Amino acid sequence: MLAKEAGAPVKLELSRKEDFIGVHGRWPTVQYYKVGVNRDGVLKAIQLRGYSGMGPYRKNSGAIGGMDLYQCPNIERVVFPVYTNKTVSGNFRGPEYPQGFYGIESMMDDVAYKLKMDPVDFILKNMTRKANDEVPYTNYSLEECIRRGAEVFEWKKRWHPQPGSDPGPIKRGAGVSFMAFRSALGRSSAEIRLDAKGQYTVFVGVTDVGPGAKTTMAMIASEALGVPLSKIQVVWGDTDRCPYSVGESGSRTTIQTGQAVIEAAEALKQQIAEKGLPKGTNTLKGSASPNPVLEGKVRAAFGAHFVEVEVDAELGRVRVLKYLAVHDSGRIMNPLTATSQIKGGATMGIGMALHEDLLYDRRNGQPLTAGFYGARLLTHRDAPEIEVIFIESDDGYGPYGAKSIGESSKVPAVAAVANAVFNAIGRRMKDLPITRDKILGALA
Amino acid sequence: MKTFTNSNARDLQQAVTLVQQTHRDGKAASFVGGGSDLLGLVKERLVAPDVLVNLKTIKGLDQVTPAAGGVNIGGLITLDTLSHNPVIRRDYAVLAEAAETVATPQIRNVGTLAGNVNQRPWCWYFRNGFPCFKNGGNTCFSFGGENQFHAIFGGGPSYIVHPSDTAVALVALEAKFRIVGPSGERLLPAADFFALPQQNPARENVLGPEEILAEVQLPSARPATRSTYHKIMDREAWTHAVVSAAIVLEMEKDVCRSARIVLGGVAPIPWRLPEVERMLAGQRVTEALAARAAETALEGAKPLAKNAYKVPLTKGVVRRTLLDLASRA
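For the protein sequence lines, the chains are R and X, in the order given.
The first sequence runs contiguously to residue 1903 in this note's numbering.
The second sequence runs contiguously to residue 343 in this note's numbering.
If you are wondering where the hints come from, they were derived from the structure by calculation, not from laboratory data.
Hints may be right or wrong, so weigh each one.
[Claimed, not checked] Straight-line alpha carbon distances no greater than 25 angstroms define the calculated SDA-like cross-link-like pairs of lysine to any residue that follow: (1) K57/X <-> R1835/R; (2) K57/X <-> S21/X; (3) K1615/R <-> R1778/R; (4) K16/X <-> D1478/R; (5) K1476/R <-> S21/X.
[Stated by the list, open to error] Some chain X residues flagged as far from chain R (calculated, every beta-carbon gap over 10 angstroms): (6) V56; (7) Q162; (8) E266.
[Said to hold, decoys possible] Chain R is nowhere near these chain X residues, computed Cβ spacing over 10 angstroms in every case: (9) K16; (10) A81; (11) R200; (12) Q213; (13) A235; (14) G330.
On a predicted model such as this, the values are computed, not experimentally measured, just so you know.
Virtual Cβ for every residue (Gly too), placed ideally from N, Cα, C.
Please put together the full structure from these sequences, using the hints given.
Shown next as C-alpha cells:
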C-alpha cells in the first residue's frame, strides 16, 4: 500500500524483538493421546485430541502430524486450532511435525517401555510402509534408515532397557525417533542463457536464504548441460530478471526448481542444435516451467535420528553426547550443503527440545523472551557434533532423484532428544523446552 | 533511539563536572565506559540520556597495578584484559574466572569491570519496559509472574537477581571500591556497595547519579589461598548466571583456615554466606562437611512460585565447588 501510494520502493525494517513479536513462529500445541496396543506390541488404536495456539488470526493449518506414520486400524485425530492473545503462529521448518512427533513419539516410547519392548523394535513393528497406510511411496527406505542408524549408533549398547537405571549422578540415556516428510513435485520455472563467450547464466526466481540453492542450481545445470561449473553463473531472486517463483519454502527448491533447470537446459541444448552456438552479441535462451505430477504414489524423504544424552541429576543439566542422523533424501546433489542442512535442522531441534522458549506474562499477554538472548537460542558452543549418513536413492522423479532435505532434518530431532532424556532419568518430560527447572522439579 | 551528544572526559573530575552541568541544565546524563549495557538500554528506551560522558578517554584507568598490600584495578579495564592478566589469574583466580564467563567475546572485548559491576538487572520485566520498580514504577511483576530466574534470598519489594559475575567475585575477595563524585572520593567495601531493594527498590547499589566507580582495590592475596568461580548457565555462552558461587579458601594442607563464599543469581545483591564460612574455618573439607555446608547455605531461602529448583541447584553448586576447590593440589 505504502509503495503504491508513494510510488517508490518501501523497505520494511524490523528489530529482532519486533521480528519475534510480529513475524510468526511455530504453533504451540497441547496434545492428549490414547493408544491401544496388544500384548505382542501390535497397535490397535490411536486417539489424539490436540489444541494448537494460532495467535490472533489463522495463518496456517495448526495441524499436528506424526501419528500418520503408524500403521493402525483405528485412528482418531481431533485438533482444535485456538485463537489466542499471543503472537501469530505459522509454518516454520516442518510445520506440523517437530511438535507432533515429540507428542506421538513420547507416547509410543512410553508404550514400548510398558510392553518391555525396545523402542526401535516397536517402531519397526508398527510404522506404516505406505503413506497414510494406503498409498505406496515412490521408494521406501525408512526401515533401512532405522536399521542402519541403530547399528552405526550402537543403539543396543547405549540404550538402557530400564529407564533411569544409570546410577548417576550424571546419568546417560539414548533416544530415537523417525520421520517421513513430503517431497512433492510441482510447478517451477527456470531460464538459461548462453552468450558468444560460452558463458551460461541460469535465472531462477527462488531466493537463496542460506542453504546453498545458488550453488546447487549451478551444479544441476552443469550436469544437464555437460559443461564445467566454472562456465555457469546463477542469477537468483531478482524479480525483474528471473522467472516467477513462490520462494524458498516447503523444501521444494532443489526438487522443483532443480527440475526446471534440467528442462531449461534441455530446451537450450535444443536451441543450440537448431541454431548453432551464438556469435557476437547474440544469445540463446532455453526456458521451462514444468509442472510434473505424481499419480497413485507419494514421494517422501525418510530419516531416523539417534541421540545419546547425559543428564546431571544434581544440577539438572542436559548435554548431547552423540547425535546420528540417517536420511534418505534421494540423490544428494551437494554433499556439503546437504549435510549442513541436516546438521542445522538437528541443532534447531535440540534447541526446541532443550532451550528455546517464548514466554509471556500471563496477566497481560506481553512476551518476555523475544530476541536471541531471551529466547535462549543455541550458540555454537552448545551444538554437539552431529554425524550424518545419507542413504541415497533414485525413485525416478525429481532432478536425478533428489528429494527434500531442509525441513525434514528438524522433524525427528525434538522427539529423539526428549526420549533420550527419558531413558537417562526415567521421568517423562511432557513440556518443552526440557529445561533445568523442569528436570530438577521432576527429580525432586 | 533518542539522539544524544557525546562528551569525552579528560579525567574523572571533569567527567563528574560534565554530568553535574548537564543535570543543572535540566537534561539527563549518563557515564559510559564500554557501553555494551548502556546502549542496549538506550535502544530499548529504558534510559534516555541527552549527554553521554565518555570515560574511555580517561588515561590510565584500564590497568592492573601493584599497590601497598594488593593490587588496584582501573574501572575501565576490559573484562577480556582482566581475565588474561597474569597476576589476577595467579592470585585472584575467582575474578579472572568470573570475568571470562561473562556474555560473549565481543562483549568482553568492550565491556569494562566497572560497567559489569554496575550493569542493570536482566529481569525480563525490567528489560521489556514494564513499569516496575526498576523502571520508576511501584510494583515487581515477577512476583506472581514469570520468576524462574528471580531471587530466592533477599527479595522484596523487588525480586531481581544481581546480574554481575565479577561483583560476586569481588565481594568474595573483600575488594574495596574507590568512588569519585561531586564531594570528592570515598572508599567502600564491596559488600557495602550493593544494596537490597528494601533500601531502594529502584537501584542495585549506593552509587549516586553523579558518581563513578573509578577503581577496585584488592587486598594482598594471603599465602596458600585458592579461589574459583562456578557459574551455572542456561547455555554455553551469552547468559547471566542462573546460579553461581565464588569461593576463596585459605588452606593449610587439607585444613581450611578461612573461607569466603558468595553466591550469584540468587539475590538482588551478591549473597555472602557468613555462617557457612564460620563452619568451614579450621575444618577438613570432607564430603560430609561440604554437604552440610550446602544445606546451611540454603537455610532461609524463600523461593517464588517458579524458582524452587534453585534451592537444590545451589546446594549442588556449593557442595561440588567446595569439594573441588579444597581437593586441588
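Against the structure, the hints come out as follows:
no. : hint                : verdict
1   : K57/X <-> R1835/R   : holds, 20 angstroms
2   : K57/X <-> S21/X     : holds, 19 angstroms
3   : K1615/R <-> R1778/R : holds, 20 angstroms
4   : K16/X <-> D1478/R   : holds, 21 angstroms
5   : K1476/R <-> S21/X   : violated, 30 angstroms
6   : V56                 : holds, 13 angstroms
7   : Q162                : violated, 6 angstroms
8   : E266                : holds, 29 angstroms
9   : K16                 : holds, 15 angstroms
10  : A81                 : holds, 37 angstroms
11  : R200                : holds, 35 angstroms
12  : Q213                : holds, 27 angstroms
13  : A235                : holds, 29 angstroms
14  : G330                : violated, 4 angstroms
Against the hints set out earlier in the document, violations occur for numbers 5, 7, 14.
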